[in-house]
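Peer 1: Residue-level listing of the chains:
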Amino acid sequence: MERYSRHILLNEVGQKGQEKISNARVLVVGAGGLGCPVLQYLTAAGVGELGIIDDDLVEMSNLQRQVLYGTSSLGLNKAEAAKKRLEDLNPSIIIHAYSEKLSISNAISLFEKYTIIVDGTDNFETRYLINDAAILTKRPVVYGAIYKFEGQLSVFNYNDGPSYRCLFPEPPQNPEAVNCSQVGVLGVLPAIIGSMQANEVLKIILEIKGVLTGKLSCYDAKTSNVHHIKITKNERLINEIKNRPLKKEVSLLCTSNIQEITVEKALKKANVIFLDVREMGEEPTLEMDNYQQIPLSKISENLYEINTDSEIIVLCQGGERSKNAIQILIQNNFNNCHNLKGGAPALLAQLKHNAV
Amino acid sequence: MNINIKYFGVLAEKTACQEEQIDFESGKVSDVMKLILERHPNLKPEEFQVAQNKLIVDREASVDGTEIALLPPFSGG
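Respectively, the protein sequence lines represent chains A and B.
Going by the working numbering, 247 is the number at position 247 of the first sequence; the sequence numbering is gapless.
If you count the second sequence from 1, you need to add 1000 to reach the working numbering.
Some hints could be false.
Keeping only pairs whose Cα atoms sit at most 27 Å apart, straight-line, the calculated DSS-like set for lysine-lysine is [unchecked claim]:
| no. | chain 1 | residue 1 | chain 2 | residue 2 |
| --- | --- | --- | --- | --- |
| 1 | A | Lys233 | B | Lys1054 |
| 2 | B | Lys1034 | B | Lys1014 |
| 3 | A | Lys248 | B | Lys1014 |
| 4 | A | Lys148 | A | Lys113 |
| 5 | A | Lys209 | A | Lys230 |
| 6 | A | Lys247 | A | Lys265 |
| 7 | A | Lys248 | A | Lys323 |
| 8 | B | Lys1054 | A | Lys215 |
| 9 | A | Lys248 | A | Lys265 |
| 10 | A | Lys222 | B | Lys1054 |
| 11 | B | Lys1028 | A | Lys298 |
| 12 | B | Lys1054 | A | Lys248 |
| 13 | A | Lys247 | A | Lys203 |
| 14 | A | Lys84 | B | Lys1034 |
| 15 | A | Lys203 | A | Lys230 |
| 16 | B | Lys1054 | A | Lys265 |
| 17 | B | Lys1014 | A | Lys84 |
| 18 | A | Lys148 | A | Lys341 |
| 19 | A | Lys323 | B | Lys1028 |
| 20 | A | Lys203 | B | Lys1054 |
| 21 | B | Lys1014 | A | Lys247 |
| 22 | B | Lys1028 | A | Lys148 |
| 23 | A | Lys222 | B | Lys1028 |
| 24 | A | Lys352 | A | Lys323 |
| 25 | A | Lys323 | B | Lys1034 |
| 26 | A | Lys233 | A | Lys222 |
| 27 | A | Lys138 | A | Lys148 |
| 28 | B | Lys1028 | A | Lys233 |
| 29 | A | Lys230 | B | Lys1028 |
| 30 | A | Lys247 | A | Lys113 |
| 31 | B | Lys1054 | A | Lys323 |
| 32 | A | Lys148 | A | Lys209 |
| 33 | B | Lys1014 | A | Lys298 |
| 34 | A | Lys209 | B | Lys1054 |
| 35 | B | Lys1044 | A | Lys233 |
| 36 | A | Lys209 | B | Lys1014 |
| 37 | B | Lys1034 | A | Lys209 |
Since the hints were made in silico from the structure, they are not lab data.
Note that this is a predicted model, so its numbers are computed, not measured.
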């Protein structure tokens, strides 16, 4: 027990508290900027069982803040790479790595295996899924989120307290709110917020009074100011969630993350469909194989007409409507979509060129 | 009376300030929002929650505080 002696010396922890930590089971969703410090401190503290779920791979641009990884982890799955590093930090605990995305099909069964859920994700879709699944399984959620120099922290769904939806009932529908991987972030900010999340987890485990429930803590790294905002529980909303199956929230993609494809490359691909989302009758008209036209305004109700086995090359006139169509397609699990550079005019020009 | 308006995250960038004062007589939170949106037409009323005196409030609530904060959701992790 030498490993935990500095904890055991604390009156608030002691031998009994350390046993509580050893018996705790914590699931960390997202092993990125927030997840790394959470995992490090919970591993070091001796949390008995840790789950890590992340389907992402370690990239060079992560290393500025995701301190569990090194250059030797590049290209590896984050959950697996984190587990490897953490097992060296503390071999006496059990660590489960799930190299998949949290989804409506695995969330409930996974949450049931753990007693506390940590939200360290980087997208709204998963944040709302965590919230709803935690309400259904009655698990507290230690929430952290960051933007550039600012962080938010709270504990939701703790002892029947307010949930994330009591603060933000629905995901935002403006693309600017979506976290682009291109948005900058001060490297130390997720370390601050993530360490505060680890602190809240330990307070819950040790039953220390003062868990950050019913309040949102807003931290600004530039000014070092902290604002606490009170959140009231929305019973009606929570009851709605309790009485409906988990739903997949529509999550907008950062438009810069939409994959673009050139006409030449698109035409060389096998098993693709060219999906034209312009209104009927717009010029130039296209005559080609594997072509389908569904105007953007009608796409949501006509998704069943689209072949799910093909790659989808989406096009319009200028490239904006096709981006919007791709958002809708991705929200509906059409994951293999590309935006055609140059749209219909470029495609027509290439087809004419090829015909000569 | 003067109300102190605080902007968080992307809202502070859009308004180019972290806080500012607005002169307001009486009315609802939504009336203050109108003044703010007139001053900053690039803000969208659906992109944030409103806290009055450090408590999240409905926009139909009457203004009885001296501080109103606009909080956007953050997705980053």
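Peer 1: Does each hint hold? Answer for all of them.
Peer 2: A quick look at each hint next to the structure:
| no. | hint | result |
| --- | --- | --- |
| 1 | A/Lys233 / B/Lys1054 | holds, 15 Å |
| 2 | B/Lys1034 / B/Lys1014 | holds, 16 Å |
| 3 | A/Lys248 / B/Lys1014 | violated, 30 Å |
| 4 | A/Lys148 / A/Lys113 | violated, 34 Å |
| 5 | A/Lys209 / A/Lys230 | holds, 17 Å |
| 6 | A/Lys247 / A/Lys265 | violated, 36 Å |
| 7 | A/Lys248 / A/Lys323 | holds, 21 Å |
| 8 | B/Lys1054 / A/Lys215 | holds, 9 Å |
| 9 | A/Lys248 / A/Lys265 | violated, 33 Å |
| 10 | A/Lys222 / B/Lys1054 | holds, 21 Å |
| 11 | B/Lys1028 / A/Lys298 | violated, 39 Å |
| 12 | B/Lys1054 / A/Lys248 | violated, 31 Å |
| 13 | A/Lys247 / A/Lys203 | violated, 31 Å |
| 14 | A/Lys84 / B/Lys1034 | violated, 53 Å |
| 15 | A/Lys203 / A/Lys230 | holds, 19 Å |
| 16 | B/Lys1054 / A/Lys265 | violated, 54 Å |
| 17 | B/Lys1014 / A/Lys84 | violated, 42 Å |
| 18 | A/Lys148 / A/Lys341 | violated, 31 Å |
| 19 | A/Lys323 / B/Lys1028 | violated, 39 Å |
| 20 | A/Lys203 / B/Lys1054 | holds, 24 Å |
| 21 | B/Lys1014 / A/Lys247 | violated, 32 Å |
| 22 | B/Lys1028 / A/Lys148 | violated, 32 Å |
| 23 | A/Lys222 / B/Lys1028 | violated, 32 Å |
| 24 | A/Lys352 / A/Lys323 | holds, 25 Å |
| 25 | A/Lys323 / B/Lys1034 | violated, 32 Å |
| 26 | A/Lys233 / A/Lys222 | violated, 31 Å |
| 27 | A/Lys138 / A/Lys148 | violated, 32 Å |
| 28 | B/Lys1028 / A/Lys233 | holds, 22 Å |
| 29 | A/Lys230 / B/Lys1028 | holds, 19 Å |
| 30 | A/Lys247 / A/Lys113 | holds, 21 Å |
| 31 | B/Lys1054 / A/Lys323 | violated, 39 Å |
| 32 | A/Lys148 / A/Lys209 | violated, 31 Å |
| 33 | B/Lys1014 / A/Lys298 | violated, 33 Å |
| 34 | A/Lys209 / B/Lys1054 | holds, 21 Å |
| 35 | B/Lys1044 / A/Lys233 | holds, 25 Å |
| 36 | A/Lys209 / B/Lys1014 | violated, 38 Å |
| 37 | B/Lys1034 / A/Lys209 | violated, 41 Å |
Hints 3, 4, 6, 9, 11, 12, 13, 14, 16, 17, 18, 19, 21, 22, 23, 25, 26, 27, 31, 32, 33, 36, 37 from the earlier list are contradicted by this structure; the remaining hints agree with it.
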